[in-house]
Amino acid sequence: MSDILNTSLVAALMLVIAIVGGYLAKWMRVPRIVALIVGGVGLKFFILQHMDAVASADLVAPLRFVNELSLGLILFIIGGVFESARLKAVKGLVRRFSLYELRYTFLLTAVGCAVASWTFPQMSFFHCLLIGLLLGCAAMATAPAATWYVLQEYSAKGPTTDHLLVMTGINNLVSIISFHTVLILFMAFGWVEGITGPARTWWLDIFLVSFGSVGLGALLGYVLSVFHSRLPLREMILMFFATVFLLSAGDEWLLHMIGAAFNPMVTCLVMGVIFFRRASDPSHFEKTLETVSMPIFSLFFVLAGYNLHLEELSHLGVLGCVYLIARTWGKYWGVRNAVRRLGPETKVKENAGLGLLCQAGVAVFLGAFLVEHWQNPLAGTINTVILASVAICELVGPLLVKHVVLRAGEVKAVTLLRPGFVQHTWISPSVGLANLGNERALSDQSVAKIGETLTAKHLMRTNIHFLPLSASFDEILAFIEQSRFHDFPVVNADGLYMGMVHFRQVRDHFYSPELAGAVTAGALADKSTPAVTPDTELPQVLELFHQHNL
Numbered sequence: 036m037s038d039i040l041n042t043s044l045v046a047a048l049m050l051v052i053a054i055v056g057g058y059l060a061k062w063m064r065v066p067r068i069v070a071l072i073v074g075g076v077g078l079k080f081f082i083l084q085h086m087d088a089v090a091s092a093d094l095v096a097p098l099r100f101v102n103e104l105s106l107g108l109i110l111f112i113i114g115g116v117f118e119s120a121r122l123k124a125v126k127g128l129v130r131r132f133s134l135y136e137l138r139y140t141f142l143l144t145a146v147g148c149a150v151a152s153w154t155f156p157q158m159s160f161f162h163c164l165l166i167g168l169l170l171g172c173a174a175m176a177t178a179p180a181a182t183w184y185v186l187q188e189y190s191a192k193g194p195t196t197d198h199l200l201v202m203t204g205i206n207n208l209v210s211i212i213s214f215h216t217v218l219i220l221f222m223a224f225g226w227v228e229g230i231t232g233p234a235r236t237w238w239l240d241i242f243l244v245s246f247g248s249v250g251l252g253a254l255l256g257y258v259l260s261v262f263h264s265r266l267p268l269r270e271m272i273l274m275f276f277a278t279v280f281l282l283s284a285g286d287e288w289l290l291h292m293i294g295a296a297f298n299p300m301v302t303c304l305v306m307g308v309i310f311f312r313r314a315s316d317p318s319h320f321e322k323t324l325e326t327v328s329m330p331i332f333s334l335f336f337v338l339a340g341y342n343l344h345l346e347e348l349s350h351l352g353v354l355g356c357v358y359l360i361a362r363t364w365g366k367y368w369g370v371r372n373a374v375r376r377l378g379p380e381t382k383v384k385e386n387a388g389l390g391l392l393c394q395a396g397v398a399v400f401l402g403a404f405l406v407e408h409w410q411n412p413l414a415g416t417i418n419t420v421i422l423a424s425v426a427i428c429e430l431v432g433p434l435l436v437k438h439v440v441l442r443a444g445e446v447k448a449v450t451l452l453r454p455g456f457v458q459h460t461w462i463s464p465s466v467g468l469a470n471l472g473n474e475r476a477l478s479d480q481s482v483a484k485i486g487e488t489l490t491a492k493h494l495m496r497t498n499i500h501f502l503p504l505s506a507s508f509d510e511i512l513a514f515i516e517q518s519r520f521h522d523f524p525v526v527n528a529d530g531l532y533m534g535m536v537h538f539r540q541v542r543d544h545f546y547s548p549e550l551a552g553a554v555t556a557g558a559l560a561d562k563s564t565p566a567v568t569p570d571t572e573l574p575q576v577l578e579l580f581h582q583h584n585l
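Numbering (my numbering), first residue to last: 36 to 585.
Derived by calculation from the structure, the hints in this document are not laboratory data.
Please note that a few of the clues may not be correct.
As the list claims (entries may be wrong) - If you anchor each label on the Cβ, the simulated ranges turn out as follows:
1. L273 - V353: 33 to 43 angstroms
2. F100 - Y58: 51 to 61 angstroms
3. I360 - F538: 39 to 49 angstroms
4. F160 - S190: 24 to 34 angstroms
5. V353 - D93: 29 to 39 angstroms
A virtual CB, placed ideally from N, CA and C, is assigned to each residue, including glycine.
Assemble the whole structure, with the sequences as input and the hints as a guide.
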């Protein structure tokens, strides 16, 4: 068997696992990524029956580019959540959310791990401090690929989803830069021994990984936005992929030539931020990029399962347990306290911090970087803690992301249907939703129970906000600025639906400022817009769409 196994065959098996795993995940009502990771673990177990661990690692080594390309792609796409419209939608609160979450996560993990490492034999104060600070920096990172993939799978939309995506980008940016900063400061002041590289190179490294990476990303994002307006879509896709490959190659070349390099992950994130803020109508490019990248993402997650270091779980120890508990507690309580302090205006659920627990590519990169540059057994210990944490968080984290957005009411219940059921329901909407079981979702209600008919509540999101009847024109504009919709329901003081304000009506008043000052939401509300209750059956909803040409 080992004679016929090669990289191409393994890659083909991984794609087959991705297809089968996708159907199994839908049937079992778990995020697709969990099935892909478990499938990768199973594939590795099968291969280890026919060859040793070293040979199995060499077998997938040529697929390393998949990890680099996938992380670059997803960080670029996540950079899109920093576009002006999305940031206005979260009302600038994300900055305070991130400060709370990062502060709690870093302090709890750093202090806890520093105290836990004090129990090691012959540990100096500076060694304990370095271990605590490095693990605190690593704890802030959130797996961009896993988080984004789960949110895309369930088509989650709303304030909680926006906050999770933006905080994921900020977390990784802060984690990478702070990790390198801590390491260079300890080296520069001579507080620990065994860190390789002359001081000049290390200072250059920290400059490149922070300001250099950000500046390069900004430049490339601007260049791509210019070409986006001048090139056909096919050439634009090719140019983007070439850019990501060149970033990876350029990073390794600089590392070989001068011993320091920019960070491709930071560069791709900033590149996405600038591109999506400057490009004209980049949505079509983004959707096309996601579609053509699907085989790459599928390979990435199966490969992540294949490379998952489950054997490190047995070496987790006290330090690893403290790291896991402190990181989980910090992210959960950081967001929870932010919601409580900032009040109802946040529109984010208190448990949203659990959606930031996924950890993989960025943290693994930091651990590998440390082992390479700190010639001390403690570097291996820190890396073991990170790898063991990744093994747990990559399996549990996606389930928690799904739980958070479901409880926030930002997922349509119909996305939870098992394969083949939706098509059958469109033909015969009176069929009961027996396949959904008792999955809990939107606004703490059951999605459906056996024998229940498909209704409006299964196709709607519940985390929607309304215009008060007395809202002034300026208040209407502020409301629209924070929303990504084009139609806005108006309710009275008792919460009863009074009509719908359409964006086109508001737009007409831009040219009549003397009239706009006297306009309220009640005056603009279109009372002829039909309304349905959550219990309205699907055929009636479709008939209303047809009658009113909606």
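Structure-based check of all given hints:
no., hint, result
1, L273 - V353: 33 to 43 angstroms, "violated (51 angstroms)"
2, F100 - Y58: 51 to 61 angstroms, "violated (28 angstroms)"
3, I360 - F538: 39 to 49 angstroms, "holds (48 angstroms)"
4, F160 - S190: 24 to 34 angstroms, "violated (51 angstroms)"
5, V353 - D93: 29 to 39 angstroms, "holds (34 angstroms)"
Of the numbered hints listed earlier, those contradicted by the structure are 1, 2 and 4.
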